[in-house]
Amino acid sequence: MTTLRRDPSSGREQHAAALELFYDLVFVFAVTQVSHLLLTHLSWKGAGQAALVLLVVWWAWNYTTWVTNELNPESPVVILLLVALMLASLLMAVAIPEAFGSRALLFAGSYVAIQVGRHTFLTFAAAVPGTLERVRAGRILTWFVAAGALWIAGAIADGTARTLLWLAALALDYTAPLVTYWVPGRKRVTPEDWTVQTSHFAERFQLFVIIALGESIVLIGATTSDLHLDTATLTAFALAFLGAAELWWLYFGSVARIAERILATAPNRTLVARDAYTYLHVLIVAGVIVSAVGDELVIAHPTETLTSAQVIAVVAGPVIYLLAHVLVRLRLVGTLTWKRLTGALACAAVAAFGSFAPALVLGALLGVVLAAVIAWERA
Numbered sequence: 255m256t257t258l259r260r261d262p263s264s265g266r267e268q269h270a271a272a273l274e275l276f277y278d279l280v281f282v283f284a285v286t287q288v289s290h291l292l293l294t295h296l297s298w299k300g301a302g303q304a305a306l307v308l309l310v311v312w313w314a315w316n317y318t319t320w321v322t323n324e325l326n327p328e329s330p331v332v333i334l335l336l337v338a339l340m341l342a343s344l345l346m347a348v349a350i351p352e353a354f355g356s357r358a359l360l361f362a363g364s365y366v367a368i369q370v371g372r373h374t375f376l377t378f379a380a381a382v383p384g385t386l387e388r389v390r391a392g393r394i395l396t397w398f399v400a401a402g403a404l405w406i407a408g409a410i411a412d413g414t415a416r417t418l419l420w421l422a423a424l425a426l427d428y429t430a431p432l433v434t435y436w437v438p439g440r441k442r443v444t445p446e447d448w449t450v451q452t453s454h455f456a457e458r459f460q461l462f463v464i465i466a467l468g469e470s471i472v473l474i475g476a477t478t479s480d481l482h483l484d485t486a487t488l489t490a491f492a493l494a495f496l497g498a499a500e501l502w503w504l505y506f507g508s509v510a511r512i513a514e515r516i517l518a519t520a521p522n523r524t525l526v527a528r529d530a531y532t533y534l535h536v537l538i539v540a541g542v543i544v545s546a547v548g549d550e551l552v553i554a555h556p557t558e559t560l561t562s563a564q565v566i567a568v569v570a571g572p573v574i575y576l577l578a579h580v581l582v583r584l585r586l587v588g589t590l591t592w593k594r595l596t597g598a599l600a601c602a603a604v605a606a607f608g609s610f611a612p613a614l615v616l617g618a619l620l621g622v623v624l625a626a627v628i629a630w631e632r633a
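All residue numbers for the sequence shown refer to our numbering, where the first residue is 255 and numbers rise by one.
For the record, the hints were derived by calculation from the structure and aren't laboratory data.
C-beta: ideal position from N, C-alpha, C; glycine also.
Where hints are given, some of them may not hold.
[To be verified] Label-pair distances were calculated between CB atoms; the ranges are:
1. Gly588 to Leu279: 33 to 41 Å
2. Gly588 to Phe495: 34 to 42 Å
3. Leu496 to Ala338: 20 to 28 Å
4. Asn522 to Thr485: 52 to 60 Å
Model the full assembly from the supplied sequences, consistent with the hints where possible.
Quick look at the structure:
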């Protein structure tokens with residue numbers, strides 16, 4: 255009989271299973287939905303809504319990754335669990351364009367079903383009574399149920415009340431790991447009570463960065479295919495593609511390798527995994543998504559001077575991306591990467607050209623800055 259949990263004593267290095275790659279396909283669509291939400295509502299309010307939705311999508315995917323780090327992907331029961339989570343995640347992604355409108359209950363309800371359903375299974379089906387595994391999963395489930403009540407209440411409410419309830423729910427969700435799921439009157443669990451399988455865990459987060467980069471490639475191609483292919487459009491297309499390649503190089507050329515190596519040798523892997531991956535990698539993904547939105551704007555309006563909101567969108571992606579790398583390094587090794595911090599400041603400075611330079615020039619300048627950072631580091 256196939257067990258529900260991985261065998262930690264096998265000594266074999268674990269890697270992402272085909273089931274997990276299949277599960278990730280839903281999040282390609284979810285990331286696309288987030289970028290379209292931002293592009294459609296290009297304002298500070300729209301940016302806030304897109305950020306909240308991204309954090310929800312990330313939290314749903316992230317916890318499943320922690321769980322599959324423990325569960326056996328060859329078990330038929332685990333396969334059925336992942337398929338059910340995929341369906342709920344797809345429903346959540348479908349609701350994203352109207353998450354703050356007519357599909358609020360579908361969005362919040364799907365998210366709560368993912369979190370509560372997954373950890374109900376982990377608590378009562380995949381863990382033996384009295385074991386540390388059940389205690390851990392039960393504590394997380396308690397926090398998800400508490401936050402879930404706020405998510406559902408916010409979906410039923412409207413306007414400002416919905417936003418405030420959802421912000422409270424999101425704060426509860428994101429605070430839980432920091433206090434290791436403390437429950438009053440219960441003995442605390444500690445970070446040492448979790449085991450992180452390094453190669454599998456790091457690979458899963460690297461694959462989500464690939465998902466975000468893949469979505470940007472799709473967006474670049476889809477936008478260009480709908481336009482007349484003149485010289486300006488093709489130049490913008492080429493610059494957008496090279497920009498995506500530069501983002502890939504900046505992460506996989508050093509950040510991914512360094513993070514995995516430090517995770518493997520860290521005295522407490524759980525804390526490193528929580529901080530550098532669970533919390534900070536979402537900023538890397540956000541940088542890629544906003545960069546994709548900026549690419550679409552440049553391709554669609556290569557010879558035009560963009561509005562202030564559009565200029566911010568074009569410039570913000572690389573800035574967020576590089577600053578996220580700075581924060582990851584600061585958490586992992588305790589030092590700043592001045593090259594990437596300088597690159598982020600240079601990208602921000604490109605916004606000064608937005609009032610008079612066409613979009614194509616902004617895209618080219620950002621590409622030059624990213625290339626300069628890569629060359630500087632290689633030198």
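* Structure versus earlier hints - violations, ascending order -> 3
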